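S.K.: Once you have looked at the hints, place chain V on chain F.
Protein chains: 2
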Amino acid sequence: MRQSHLFTKTRKEAPADEVSKNAQLLIRAGFVHKEMAGVYSYLPLGVRVLSKIEGIIRREMNAIGAQENRFATLHPSEPWKQTGAWDGVDVLFKIMSRTEKEYALGQSEEEIATPIAKEYALSYKDLPLAIYQIGQKYRDELRAKSGIMRGREFGMKDLYSFHATQEDFDRYYRVVQEAYFRAFSECGLIAKATEASGGSFSEKLSYEFMVLTDAGEDDIVYCDTCSHCANVEVSSEAEGDLCTKCGQSTLKKARASEVGNVFDLGQKYPKAFDFTFTDAHGEAQYPIVGCFGFGTTRTMGVIVEKHADAAGIVWPESVAPFAVHLVDLSGSDSDKKEFVEALYSDLLRAGTDVLYDDRDLRAGEKFADSDLIGIPFRIVIGKQSTPDSIEVVRRKDGTVTKVSRDAILKGAWHF
Amino acid sequence: MRQSHLFTKTRKEAPADEVSKNAQLLIRAGFVHKEMAGVYSYLPLGVRVLSKIEGIIRREMNAIGAQENRFATLHPSEPWKQTGAWDGVDVLFKIMSRTEKEYALGQSEEEIATPIAKEYALSYKDLPLAIYQIGQKYRDELRAKSGIMRGREFGMKDLYSFHATQEDFDRYYRVVQEAYFRAFSECGLIAKATEASGGSFSEKLSYEFMVLTDAGEDDIVYCDTCSHCANVEVSSEAEGDLCTKCGQSTLKKARASEVGNVFDLGQKYPKAFDFTFTDAHGEAQYPIVGCFGFGTTRTMGVIVEKHADAAGIVWPESVAPFAVHLVDLSGSDSDKKEFVEALYSDLLRAGTDVLYDDRDLRAGEKFADSDLIGIPFRIVIGKQSTPDSIEVVRRKDGTVTKVSRDAILKGAWHF
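Order-wise, the sequence lines are chains F and V.
Under my numbering, the first sequence has 230 at position 11, and the numbering climbs by one with no breaks.
Under my numbering, the second sequence has 515 at position 296, and the numbering climbs by one with no breaks.
If we strip away everything but chain F, and leave its shape as in the complex, we get:
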């Protein structure tokens, strides 16, 4: 894409009321537009990143046999009243229609997913069943802070699983946990799974997926030798204690941000909706339900917090808005201008996802924009460039290398 065509421009300053690093950088670089506290629109660069994060978690969900849906977000009030959440969930947005019907906005989708599962899962042969969606969620937060990391409207992948037995839920939890670890890792994050307290709609235990970041809202202790990790809010363990799980190492303490969670909801929702299946002995049983959340916009925010430096964002390659940033510094040199235009066309032909800074600006402005936007590799065409020697810069550490035009078209801009 030509940068002269990209309608967003970088800004020197973020809005004065925006204190979080992720929102400041994302607004300055033109990824998001703030509508109000906790609500952002995603602009073309932001849509590219979010779509890649969604693609990563979608692939992982499909790989473990979960089936994609798009649940309604405007809900009738009846199922919420049936489960008690209409009055019990304080962040639930409620709407009164012109005809005085009450609706809720989805903040989680048990009230929609459970009746759908009830309709199709009649026998133990239909279980386990795992259905998910990727979409918007709404929460009436008293205070929205942390930029896109905690919103009143936000993006989420939410998976609901239905099991014949507790053992099958426990097995599936481990399957999803591995999928989550892979997804977060591909997003450039290191996630740890903690045991934590139940949420307002949980009967039983819940687990949290935490990413180590100073911008986090939680304190965790974790073991480097085994996978043990606990939220200090609900754990009696402290930094320096010997790990209670492996007994091999002392625990470390860190700030962390919750990017995913699991609720073992037991039989609460099936009981509310009178949802039973027929087991192998012909008996009616309530299934065990799990809810697995993965914050897509939140993950984008955490990535920015983790991967940024004084000059701007440093996207991991897996979620970068473009793979490579081609910067034209040919100035008044028409031969070089022709050279960079031809290179851009050839990169597109080679299937490279390239942002081409073809704007008439000074080198300093172009480099500052490029650093702020944070595309992983930068190809610079200046007066010194020749077909045998073109400068490529790696954003994350500034490493510079020289590559031939032919090598670049074969993908050697990536090193």
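Derived by calculation from the structure, the hints in this document are not laboratory data.
Keep in mind that the hints are not guaranteed to be accurate.
The list that follows gives simulated cross-link-like pairs (lysine to aspartate or glutamate, DMTMM-like), each with its CA atoms no further than 20 Å apart [what the hints assert, rightly or not]: (1) F:K313 with V:E319; (2) V:K313 with F:E360; (3) V:K320 with F:D577; (4) V:K344 with F:D577; (5) F:K320 with V:D309; (6) V:K487 with V:D387; (7) V:K253 with V:D236; (8) F:K313 with V:D309; (9) F:K253 with V:D493; (10) F:K320 with V:E436; (11) F:K253 with V:E321; (12) V:K320 with F:E360; (13) V:K253 with F:D572; (14) V:K253 with F:E321; (15) F:K629 with F:D579; (16) V:K471 with V:E452; (17) F:K585 with V:E321; (18) V:K337 with V:E319; (19) F:K313 with V:E360; (20) V:K253 with F:D493; (21) F:K364 with V:E319; (22) F:K471 with F:E452; (23) F:K320 with V:D387; (24) V:K364 with V:E414.
Coverage of chain V stretches by chain F, computed from C-beta distances (three or more under 8 Å per stretch; other residues unrestricted) [stated by the list, open to error]: (25) 280-293; (26) 462-474.
Partner residues aside, some chain V positions facing chain F, computed with beta carbon under 8 Å [unchecked claim]: (27) F226; (28) T229; (29) Q243; (30) V308; (31) F312; (32) S316; (33) Y339; (34) I350; (35) L361; (36) E372; (37) S608.
It should be emphasised that the depicted structure is a prediction, and the values quoted were computed from it without experimental measurement.
Backbone N, C-alpha and C define an ideal beta-carbon position, used for all residues, glycine too.
M.R.: Chain V in isolation, oriented as in the chain F frame:
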């Protein structure tokens, strides 16, 4: 995908309160789940169709230089009050938060898109600017009917364009019109563009894209010789009149459904948000704004209305949930069972998007389900099948042909 894994099952009956053909068929075949009047969840088969429709319109929008965004759907009340739509738009859902802040749910996005454009379009050099999104819309309809064709929550592609001059808007309208005609045509629909009355938020003329269908809510007259078309509600022309545009043919009358629309909004929104750009003479000017809607879920509903027969849905290939339906009728013949399993694996390897009915059901049940779901081609493996002769049936007309296994793997299931 194995049909034994697909969690939805077909149903003999739709809910009693569902009168529209599109919703009846989509519910019975397992594409959607009704949450309440005008609100549906999309199940895996439905997600596949909707994603394809979205892909078609996304490609057309990108091809005309429009840039994709995801605008917030939970809106602050301030911009709605600024334009007068807070009190002026009767279908606007309003929400009161716990902290007594008022929000609106997006029913159109001028109130979000215009301030975003204002931030980035400063000069005539930044115009024209075309920004769009594909997402959910909400309307507080008094009556929701027509299944997924008119909802309280529905999917839409909405494009907002900003122009320095009226002439440029007029030029761009023709560009978008051609893109829409291509998109509807690829969806298996024939669309006509009418001139129609302005909507509640329009200052000026609006245009409608209508698809001829008996399930439509409008009456149009149109000319077969030229492109002339008018909504009879706003036209004095009648069936049998000589076309006022080309004078060549007499007008025909038909029922039609509105699947897209264009509003020439003039300078109303820029004036409300004090959005000016600097023209070539250094003068501040208000841009001209266009809004171009394309109903994605509505298009899905109209496709079902247009392409269905007594046995079920008949998807056009471009939007079908799967390209081909492989039906196993091997019964107790273990050699044939092995044959169909190997064919399924090889079709997947060949990159074919195949639904494989591997369920243990009678032929009649499998064919009835296959007809109802409406995948364009069906490969049937029964006792008579040999590597040289496999039956392929075209859904839309029941044409049967025999093809070899090798030819099938080369795509000859498609004829």
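S.K.: Against this structure, judge whether each hint is valid.
M.R.: Checked hints:
no. : hint               : verdict
1   : F:K313 with V:E319 : holds, 12 Å
2   : V:K313 with F:E360 : holds, 17 Å
3   : V:K320 with F:D577 : violated, 44 Å
4   : V:K344 with F:D577 : holds, 15 Å
5   : F:K320 with V:D309 : holds, 15 Å
6   : V:K487 with V:D387 : holds, 17 Å
7   : V:K253 with V:D236 : holds, 10 Å
8   : F:K313 with V:D309 : holds, 18 Å
9   : F:K253 with V:D493 : holds, 18 Å
10  : F:K320 with V:E436 : violated, 25 Å
11  : F:K253 with V:E321 : holds, 17 Å
12  : V:K320 with F:E360 : holds, 11 Å
13  : V:K253 with F:D572 : violated, 40 Å
14  : V:K253 with F:E321 : holds, 17 Å
15  : F:K629 with F:D579 : violated, 28 Å
16  : V:K471 with V:E452 : holds, 15 Å
17  : F:K585 with V:E321 : violated, 41 Å
18  : V:K337 with V:E319 : violated, 29 Å
19  : F:K313 with V:E360 : holds, 17 Å
20  : V:K253 with F:D493 : holds, 18 Å
21  : F:K364 with V:E319 : holds, 18 Å
22  : F:K471 with F:E452 : holds, 15 Å
23  : F:K320 with V:D387 : violated, 44 Å
24  : V:K364 with V:E414 : violated, 25 Å
25  : 280-293            : holds (count 9)
26  : 462-474            : violated (count 0)
27  : F226               : holds, 5 Å
28  : T229               : violated, 11 Å
29  : Q243               : violated, 16 Å
30  : V308               : violated, 11 Å
31  : F312               : holds, 6 Å
32  : S316               : holds, 5 Å
33  : Y339               : holds, 5 Å
34  : I350               : holds, 7 Å
35  : L361               : holds, 6 Å
36  : E372               : holds, 4 Å
37  : S608               : violated, 34 Å
The earlier numbered hints that this structure contradicts are 3, 10, 13, 15, 17, 18, 23, 24, 26, 28, 29, 30 and 37.
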